[in-house]
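S.K.: The lines below spell out each chain.
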Amino acid sequence: NAGVTQTPKFRILKIGQSMTLQCTQDMNHNYMYWYRQDPGMGLKLIYYSVGAGITDKGEVPNGYNVSRSTTEDFPLRLELAAPSQTSVYFCASRRGSGANVLTFGAGSRLTVL
Amino acid sequence: QQPVQSPQAVILREGEDAVINCSSSKALYSVHWYRQKHGEAPVFLMILLKGGEQKGHDKISASFNEKKQQSSLYLTASQLSYSGTYFCGTEETSGSRLTFGEGTQLTVNP
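Line by line, the protein sequences give chains A and Y. Letter 88 of the first sequence, counting from 1, is numbered 88 in my numbering, and no numbers are missing. Letter 87 of the second sequence, counting from 1, is numbered 1087 in my numbering, and no numbers are missing.
These are calculated hints, taken from the structure and not from any lab test.
A partial selection of chain A residues facing chain Y, derived with a Cβ cut-off under 8 angstroms:
| hint | residue |
| --- | --- |
| 1 | 50 |
| 2 | 59 |
| 3 | 98 |
| 4 | 105 |
Since the structure is predicted, the reported quantities are computational estimates derived from the model, not experimental observations. Note that CB positions come from ideal geometry on N, CA and C, so glycine has one too.
When you get a sec, could you build the whole thing from the sequences and use the hints?
M.R.: Right under this line is the structure:
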C-alpha cells in the first residue's frame, strides 16, 4: 500500500498565482484532512472531509478551497497565493473517528514569493 | 478548539523521565499523540478514548482524565531516539474534527 500520497513535494509560487495540492489515499479511508505547519509551529487544520461530497472548514480555511468527489482524492486549491501561505502542507486520512489512527502524507513544501 | 500543551520545550539527559501535558476547555471524545522528527511527517504514538483509560507501549505511556479534559504523555528512561516534537490532537465529539496543539519540543542529550 502507498498510504497517503501528496504531490508536488516542493513548489515555488509567485504572489497572486493559484495552484492545487493533490492528495490521494489507497486505504479506503472515509475521513481526510488538510493541515498546514509553519516553521517551528503546530499543525493547523484547514479543511476536512468525512466522505465523498462532504467537506467542512477547519481552523484556518481562508484562502483555500477543497473538493471531495471520490473517496480516494482530496485536493486543496490555493487561490491568489500570498506570502502568508508559505508553509508545509500535510494531508492525512483515517477510517473513521475516535480510535482510528490518522495517517499522514509526506508533506508538500510551498513557498510564495 | 485547539488543545493547549505544556511545556513548550524539554531538555533531558539520556535515561531521564519527562511528562508532557495536553488540556482542553471542551469535553473530549479522544486524544491522539504523535511524534514528529525534523523534516518528516508526524508519526502515531497512541490514542486514548473517553473513559479515563491509560495506555502504554514500552517506555511511553499516556493517561486521559475525561473529567478534567486532560491527557498526559509519560516518557520514562528516555532514549536519544525520543528526541522530536510531540503533538497532542483532540476530538471534541465523535464527529471527526481533529485539532492539534502547538507541540512540545523534546531534546534528549547523551
